[in-house]
Structures are given as structure tokens and as C-alpha cells.
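Protein chains in written order, with the numbering used here: chain A, 2 to 507; chain B, 36 to 396.
These are calculated hints, taken from the structure and not from any lab test.
Virtual Cβ for every residue (Gly too), placed ideally from N, Cα, C.
There could be a bad hint or two in this list.
As the list claims (entries may be wrong) - Taking CB as the label site, the calculated pair distances span:
# : chain 1 : residue 1 : chain 2 : residue 2 : range
1 : A       : Asp-346   : B       : Val-384   : 31 to 37 Å
2 : A       : Gly-128   : B       : Leu-185   : 36 to 42 Å
3 : A       : Asp-346   : B       : Ile-73    : 53 to 59 Å
4 : A       : Asp-25    : B       : Phe-38    : 44 to 50 Å
5 : B       : Ile-59    : A       : Ser-355   : 23 to 29 Å
6 : B       : Phe-38    : A       : Tyr-138   : 52 to 58 Å
7 : A       : Lys-77    : B       : Leu-185   : 36 to 42 Å
8 : B       : Ile-374   : A       : Tyr-138   : 34 to 40 Å
Next come the chains, spelled out residue by residue.
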Amino acid sequence: MQQTAAVQFKNITKTFGSVTANRDVTMSVEKGEILSLLGENGSGKTTLMNMLSGIYYPDGGEIYINGEKANIASPKDAFTYGIGMVHQHFKLIDVLTAAENIVLGLKGKLNTKEAAEKIKEICDKYGFDVDPNQKIYNMSVSQKQTVEIVKVLYRGADILILDEPTAVLTPQETEKLFAVLRNMKNDGKSIVIITHKLHEVEAISDRVAILRKGEYVGSLITSESNAQEMTDMMVGHAVTLNIERPDVVNSKPRLKIENLSVVDAEGINKLTDINFTVNSGEILGIAGISGCGQKELLEAIAGLQPTQSGTVVFIEDNGDEENLIGKDPLEIAKLGVTLSFVPEDRLGMGLVGSMDLTDNMMLRSFRSGKSIFADRKSPKKLAEEVVDELEVVTPSVDTEVRKLSGGNVQKVLVGREISNKPKVLMTAYAVRGLDINSSYAIYDLINKQKKEGAAVIFVGEDLDVLLALSDRILVLCEGKVSGIVDGRTAEKNQVGLLMTKVGGEQ
Amino acid sequence: MNFHISKRADVKWQVSWGVRAAAIVIALLICAVMTTIITGDNPIEVYKAMIVGAFGSARKSWVTLQNVAVLLLISLALTPAFKMKFWNIGGEGQVLIGGLAAAACMITLEGKLPSAAIMILMVITSVAAGAFWGFVPAICKAKWNTNETLSTLMMNYIATQLVAYYVVVWEVPKGSGKIGIINQNSHAGWLPELFGSKYILSILIAVIATVAMYIYLKSSKQGYEISVVGESENTAKYVGIKVPKVIVRTMLISGAICGLAGLLLVGSINHTITTTISNGQGFTAVMVSWLAKFNPITMVFTSLLIVFMNRGASEISTAFGLNQSFADIMTGIILFFIIGCEFFINYKVTVAKKNKVKEEA
């Protein structure tokens, strides 16, 4: 028995109804190590860590902290054991300052001055950059994340859990985060990172622990392993890392965006004078750091975002042109423009979480027919087809969508959006939070649409994927096009550079 | 001792109804203990009296059913709005204004038009008045995103004061401050008694409305739109549902059905109008609708429960010389348990002793 381990899980089991999230997990986190917790979607990584941080309570098994048996029944208990978790979705109060958020919930009198000093001490020690008096709503995503980490350290955590910390960061910010994590490790803290990105696993961690379908598969010393081995252990069988890129055939302009500008409610320019063309039978990748205007661009095309100026022209096969600006999604559909959109916020925009698969399939089609009653038969059939063809794991088509795992939710959404053979298919972060198998399934679906002649706009965050999948890549920076490059010849650092250069200027 | 609360994944109906039944039994037991402690009366006798109060005679049963019908109708009216997450707490005002419109037709048109024509006008005006009372907060919400909770509530006061004003205008005899029975001799505008019973009309309308609302919400395109808007406005916009249109349309329906309830209260049940004619049912209906989780069929039972408690309460307050407050205490206890048990339907509570982790495979 490893008495010295910072955390020792022994036979941890957790079930949610009939679903077993963790089965008999026995593993450890050593002192002063960075451990990557790797696993496909729904493999029970977050559940396991939630038990460590007191959000869930195990149904069976024991947790030892520093060799002593621990009973962690609440996040408060977790803190007394020196465990702190930084969640994927930040839990900060926007109108309060960093310091106020950090001391929130702690006992004793509120002394912001003293707190600010202690925060500064922590920041200096590990190399953070936080202004204690800055309000949260004024902060960037990466600053908010820093506040979350400092909050955990402020409470004296020795064991830190980070749930997909890099999902929202730019490469530079990720580097900064990793530097800080290394400092913390050198200080003797144990860090667990939940992530999907293999190159980050290789860059930061000492050891990789792998979960598959709720069970612990084993661990690898990072320096002695490689991405292929990790992937094999994670998925249970070898997965080729090559994404197919069929040649573009019979391509002609499908969507012409000219001088498009968008100003948001606060008067900030979100898009400035955007010009580009999307052709049928090609995938146009869109790269850019978060907040560069991708969301506004897609929503403007879909008729969801009021625009300041410019046109979005849809070109029919026979050459007829139709300006989509000023039309809502229904009017666009009525024009016969089959435009499908897989939005970033799947359950908040693309689907209705509390409705079952059938009712979600109806979202696009419920108006069909003259009857005042909605036809539920064909959506049900469509739901069954999508479940069948895309291998959606669900108890039935009568299951609420929010009860499915992330990958399956996405399959339901993509399945519906491609069911009407779109001429334009837009996807925003189509594989965010998805495991490798689901991601490849989505790439295949997108490629299939391309081969069938759809003009595909693929907004992605993983440059490797963008470079492997796209025929052309449009790079946005602060609402301006900073360049359009050929996906087959472009270099990764070239695109990375464009992402930080406004309008392509130096 | 440590309690651990975990969410139940799929709740079987046997479990949920078992928990509900247990909650009612426990509530009745606690009510019994409270009765004995506070009043010294035999709780069994008190319960018997409640049943007698609600169903003790044919007339009592009919009145109970009629009250259920009115409460149910108002609850059904609020339901589509609630499903849309539009907090219509203006049922009271929508009912009152519908009643006022009916009363206005009866009073001003007596003798000028045949009774049948008056009735038709009553139906049209009361439904229109209720719908208008729903329309005003809806258009404000749709256009300027105002808070519907406040605006619907304010509309209640306007309706109450309008009724108060017209009661004085139309009072009979002058100076009495009351309208009394309208058209007592001519019966002009008195809605017809079906099958020789004055109770059946309201009950029949409530039954039809229940079935219609159930189908409307479950199967119609508009019902589907209501659900989508209620669950996620962004999703609604994404598929091109015009959210303002749905809000206004749904509130027109909501208000119109409330107006219909007002019509029944004035034209069929009371044949008069007072500021308290709806007796707070616009608010009680909120509870009925929520208790039934917006399911029109379940609402039959929840409205029956509330009306039963009310009728039983009046009975025991006279039979045992207890005042109405004691009955309200009992209603409160029972509702507490019925609402509280929903927690135990959705969550499982297990007890784990500290430092002794359960050994379980």
C-alpha cells in the first residue's frame, strides 16, 4: 500500500440510476506530481474528481488522503483535506472583485486589504497575474480561470483538480498556465488535470491515468509513452489519427459574404467589413481565438444576429442569388435555402434539453403540414434513424436529451441538421468536449456532406484538426479577416500567427 | 449520522405515487395529532365532518364539483402561460374583468335584446375582456421585456377597482353598495341550466376545457412552440419561432379562458358581481397548476383536493365550533407534505454513519 500517496482511491464505485459512472476504481495521485486523467467522454473522469472534491459521494469504496481514510461529504470537507477543484464552468460572481470572490464563503471578518496581500503573496509565489480589485465581468476567460485557481490555493489546497482547463485558452495562455502549474508542482502540490488534448498531456504531466467506461485501465509515465499508446489504452482499440480530406469536386460559389459588419448591444464592433466566399463541396475552416467574432459571423449568416451593414448572398445551383440579411431563420428556410447550423451552445440553442429525441427532431420540421397538430411520426422515425446510423447511445428515443452524454447530444444535433441535405452546413466547435471516437464520427459526417456538395463552414479550435480537415482556412482576429490560407499547404504556426494579427497587419 | 442525497435517475410511477400516498398519510396523521392537541376533538370525527362537508349530500357534492370546475378552469387558463415560463399571476384580474363584462351585458341590455342575444354578447365580451387583460402584460413583455409578474399583478388591482366602481354605478338599491341578483325577475342573460341542473354547465365547460387544453399542449404545433419558448428562447429563435408572437398569442388564450371563468361565475353561478367574486382563485389556481406540474389531467385531482379541503374546512368550523383558521392550518400541513414529497420523488436520501463507509459492491 502506498501510504505516502496524496490521494488513494480504493474500489470507488458510483452509479447514477442504472448508469455506472465509476466501477471499482483503485488509483493514486502522488505528492508533487502532475497527473493527467485521460478518458473518452462519459468515462467517469469528472465524476471521480467530483467525489474527491465533495460534490458527489461514492456509493462504494474508500478515499485515503495522505494515507488516512477520508470522509468527504461536501466541498467544505474537501477543503479541510486540502483538496480544491477548478471546474470547467467557472463559479464566480461577476459583480464582485477578484479578492471578494476569493474570500467568499470563508469564515471570519471580511478584510479585503489583508486578503489582497495574501493573494499577492500567492501570485508572486507561483507567477500568477491577478489584480485583486478588478471586477470579474471585466476579466478575460483566462483571468477568470486564474482567479479560480488562486481561490483554491487561498484556501490552502495541496491537491488541485483542474477540469479541462485549456478548453477556453489560447495557446499562449495555455503555456502560461502550464508554467504556473509547474511552479506549484515544484512547491510540492499534487495536480490532477482532466483533458482530452493529448499534446497537452505530453507537455505538462508526469503521469497519465486512464479511465475507460468508468473503470481504471492503468497509468503510464508520460516520458516513456506516446500519444498512440495513450489513445490505444483510452479507446481500447487503435484509432487512426488521420482525418480524411476528400478532394474538392464540382465546386462553385454557394455563399458570398460582402462587407459584413456587426455591432453588439454595447456598441462594440464584433465584425468589421468581412468578405469571403464559401464554395459548394468544400470545407471552409474558421480559426481564431475565442471571442474573435466566429459566433457572430455564423449567427449573422443564420439570420440570428442583426447586422450593421453588408450582404450574405446565397447562390442557387442555377445562379439565382438571394440576400439572406434581414431575414429570420424561418424566412430563410421558406426561400428554400437549406441552411443547417450546429451552434456552439448545443443544449441552450440547438436543442431543448428537457425534451426527448423525437421532440428535438421536430424543432426544424414541426410546422410542416396544414394540420394544427404537429406530426410526431416522421420525427420519431428520423430520431430512430439518427440513433441507428450515428450510433447514439440512449435508452430510447423518448429519453430527455439532457440525460445523454456530450458526444451523444452532439450526434443528435448534427444528425438533425444534416437530415435535410443542407446546401450550407455551419458547425461551431462541433467536437468540443467530445471523445476521439465521437469526434471522428462527426468529421466523417461533415466530410460526407462535403462530398454531397454542401458548402461547409467549420469553426474549430484545434488547429491540427482544422489543418487536417479544411480545404481553406479563414482566420479571424478581433472581428476582421486576417487571412485565408490553403488547408493543404498551410503551416500551423502560420495560422497561429494570423490568429493574433488584426487584419493581417504586423 | 450523515445524510447523502442523490438524484434518482428514472423514477418509476409506482415509486412516485407511493411517495405521494405516504406523504398524504403522514400529513393526515400529523393533522390528527394537531387536532387532538389544539382542540381536544377526536380527529376521526373531524375528518368525517370534512367529508360530510364536501360530499355529505347531493347538493353539497354538486357545489363541490362546481367549485372544482371553476378552479380547474382558471388553472387550465394559467397553464399555457406557465409552461411558457410567463408568470401570469393575473388570473384574478382576468376572471374579474370577464365577469364584469358579462355583468355589464346583463345589466345594460336587459329588455333591449332577447336573452339569447344577451348571452351571445356576454360570451364574446367576457372572453374578449379576459383576453385583453392578458394581452396588455404580454405585449409589454414582448416589446419591452417588462416583468410580467408585476404587470399581471397590477392588472389585478385595475380590474378590482373597475368592478368596485361599477358596483357603485349599478348598485341596487341605491346606497346599498351591492348589485344584488341581476335580472332576478327576467333572468335575462342567465346562462341556461343544462339537464335541469344549474351546476352542470360549469362542470361541462371545465371537462371540455381540460381535454382541449391537454390536447392543445401535447399535440398541437402551438403547444409545441409554447414548450420550446418556455424551455429556451434561444432555441426558439434558432428555429425561427417568433417569440413575441407566441407570448402574445398564449396570453390571449390564457386571459380568454380566465374571462370564460368570470362569465360562468357571473352568468351561471352567482348572477351578481362583487370585487371578491373570484375569491382569490386566480392565485389558488397558480398552486393547482404547479402541483399538477402543468398537466391538465392531473389538475382535476389537485383542484379537487384544494376545493375538498376548503369545503371540509367550512364544515368543521361550524360543526365543531372551530374557526376557519384551524382548517387553514390543516390545509397548510397537507399542502406542505404534498409539495415537500416531490423532493423525495426526485431524490434518494441514504444514511451513512461517519467513519464507517458502507461496504457495497
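Tested hints:
{"no.": "1", "hint": "A:Asp-346 / B:Val-384: 31 to 37 Å", "in the structure": "holds, 34 Å"}
{"no.": "2", "hint": "A:Gly-128 / B:Leu-185: 36 to 42 Å", "in the structure": "violated, 50 Å"}
{"no.": "3", "hint": "A:Asp-346 / B:Ile-73: 53 to 59 Å", "in the structure": "holds, 54 Å"}
{"no.": "4", "hint": "A:Asp-25 / B:Phe-38: 44 to 50 Å", "in the structure": "violated, 25 Å"}
{"no.": "5", "hint": "B:Ile-59 / A:Ser-355: 23 to 29 Å", "in the structure": "holds, 28 Å"}
{"no.": "6", "hint": "B:Phe-38 / A:Tyr-138: 52 to 58 Å", "in the structure": "violated, 37 Å"}
{"no.": "7", "hint": "A:Lys-77 / B:Leu-185: 36 to 42 Å", "in the structure": "holds, 38 Å"}
{"no.": "8", "hint": "B:Ile-374 / A:Tyr-138: 34 to 40 Å", "in the structure": "holds, 36 Å"}
The structure fails hints 2, 4, 6 (numbered hints given earlier, in ascending order).
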